[in-house]
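Under our numbering, the sequence shown has 355 at position 347, and the numbering climbs by one with no breaks.
What the hints contain is simulated information worked out from the structure, not anything from laboratory work.
Hints may contain errors.
Result set (DSS-like, lysine-lysine): computed pairs, CA atoms no more than 30 Å apart in a straight line [as the list claims (entries may be wrong)]:
no., residue 1, residue 2
1, LYS155, LYS355
2, LYS240, LYS126
3, LYS75, LYS38
4, LYS146, LYS74
5, LYS93, LYS73
6, LYS93, LYS38
7, LYS113, LYS38
8, LYS355, LYS34
9, LYS178, LYS113
10, LYS38, LYS178
11, LYS93, LYS113
12, LYS178, LYS240
13, LYS155, LYS38
14, LYS65, LYS93
15, LYS38, LYS240
16, LYS126, LYS146
17, LYS73, LYS240
18, LYS155, LYS74
19, LYS126, LYS295
20, LYS146, LYS171
Quick list of simulated restraints, FRET-style, between CB atoms [stated by the list, open to error]:
no., residue 1, residue 2, range
21, PHE141, ASP185, 44 to 50 Å
22, GLY41, GLY261, 39 to 45 Å
23, CYS351, ARG265, 26 to 32 Å
24, GLU67, ASP238, 34 to 40 Å
We put the beta carbon where it would ideally sit given N, CA and C, even for glycine.
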Amino acid sequence: MALRVVVSAVNMVDGGALTVLHEAIKAFDKVAGPDVDVTFLVADASVHASLRTPHLKFEYFPRSKKKWVFRLWYEYFEFHRYSRKHCPDVWFSLHDTTPNVLAGKRYVYCHNASVFLKFPLKDIALDPKQFVFSAFYKWVYAFNIQKNTAVIAQQAWMADALKQMFNLEKLLVAEPDAPHMPSAVSPTTSQANERFSLFYPAYPRYFKNHVVLLDAQRLSDQHTTWLTLDGKENEVSRRLMSQGLAEHVELLGMLSREQVYDYYQRCDALVFPSLLETWGLPLTEFKQFHKPIIAADLPYAHETLAGYSNIYWFTADCAQSLLGAIERARALQPADCARPMRCSHEKIQGWDRLARYIVSA
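Please construct the entire structure, taking both the sequences and the accompanying hints into account.
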């Protein structure tokens, strides 16, 4: 009889979460076959329409993204009924929550670090939804998490934090593969910019910390900052605009992946002030260009940038520190390097290996 594997991902429909889902789908399609039956539970067919998946099965739960109450209903009631009916050997939850299911082995993939976001009281008004979400998500994480065979994180710092917060025993660190560069992009091609140009590809959320970039821009007109927002996306974006933009801040709006890589090629440096990430995909993508990365001096960035030698660190909430890092990079001063990060957990590199682990462990 074939091993029955269920992968639940009903909440993953866009952004970085959809990227994770696509990588998981491609990896599990390689291990599925006569001896391994893999079914993905997703919102609708659009989330995998661009992928060729001859060996996988899909079931759809379209109400999952309409309201959180539907998401919770699926996780803690409907999936229990589903597991009783289908009797899976392995249940792998891809989106942080541990569903109430019956299965021989259970795994959860944790890639939302909001539970570790520290909100100063003065900043709650900047993004009250994020504050409530961060507080609520801790309880979502906690429910059933002890019942997993293993809890999976992308970085050692997050695995350590999960272990401490929830008193966990078995954790895995599953680092994502290096992304493939679009074929039309050359990492050795660049262009001369009138001013030292910084690029920050990030959706406007509180923890993305756009405010420190705008503050630094007001202190100097020696650089240009390119941002992937238009000022109308949400309340965070509108609040940023209400403070007024300094000269040489350019709003690019939402970009396609190909356009993001075009700006990687065009800019002089990547700037990354985010307060919290489970990985920080732009850091990995930009390393292929061997240009300066001006990054917040935080554990996630040190782990993602391990081995990279063209880094300029700054204090995440200090515009003066950021400006100093920009000036050092612009003047081609000696760069910093990443601190070695100790990992005390079993480590798996890439989605292909993780999928094989899940079906064989």
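Status of the hints after comparison with the structure:
1. LYS155 with LYS355: holds, 21 Å
2. LYS240 with LYS126: holds, 26 Å
3. LYS75 with LYS38: Violated: LYS75 and LYS38 sit about 33 Å apart, past 30 Å.
4. LYS146 with LYS74: holds, 21 Å
5. LYS93 with LYS73: Answer holds: LYS93 to LYS73 is near 24 Å, not above 30 Å.
6. LYS93 with LYS38: Cα-Cα ~26 Å, so holds.
7. LYS113 with LYS38: holds, 20 Å
8. LYS355 with LYS34: The hint holds at about 20 Å.
9. LYS178 with LYS113: Given that 30 Å is the threshold and the Cα spacing comes to 13 Å, the pair holds.
10. LYS38 with LYS178: holds, 26 Å
11. LYS93 with LYS113: Between LYS93 and LYS113 the Cα gap is close to 16 Å, so the pair holds against 30 Å.
12. LYS178 with LYS240: With a Cα-Cα distance of about 43 Å, the restraint between LYS178 and LYS240 is violated, given a limit of 30 Å.
13. LYS155 with LYS38: holds, 28 Å
14. LYS65 with LYS93: Cα-Cα ~16 Å, so holds.
15. LYS38 with LYS240: violated, 41 Å
16. LYS126 with LYS146: holds, 12 Å
17. LYS73 with LYS240: holds, 22 Å
18. LYS155 with LYS74: holds, 28 Å
19. LYS126 with LYS295: Holds - the C-alpha atoms of LYS295 and LYS126 are around 28 Å apart, at most 30 Å.
20. LYS146 with LYS171: holds, 13 Å
21. PHE141 with ASP185: 44 to 50 Å: With a Cβ separation near 29 Å, PHE141 and ASP185 fall outside 44 to 50 Å, so the hint is violated.
22. GLY41 with GLY261: 39 to 45 Å: Holds: the Cβ-Cβ distance is about 43 Å, inside 39 to 45 Å.
23. CYS351 with ARG265: 26 to 32 Å: holds, 29 Å
24. GLU67 with ASP238: 34 to 40 Å: holds, 36 Å
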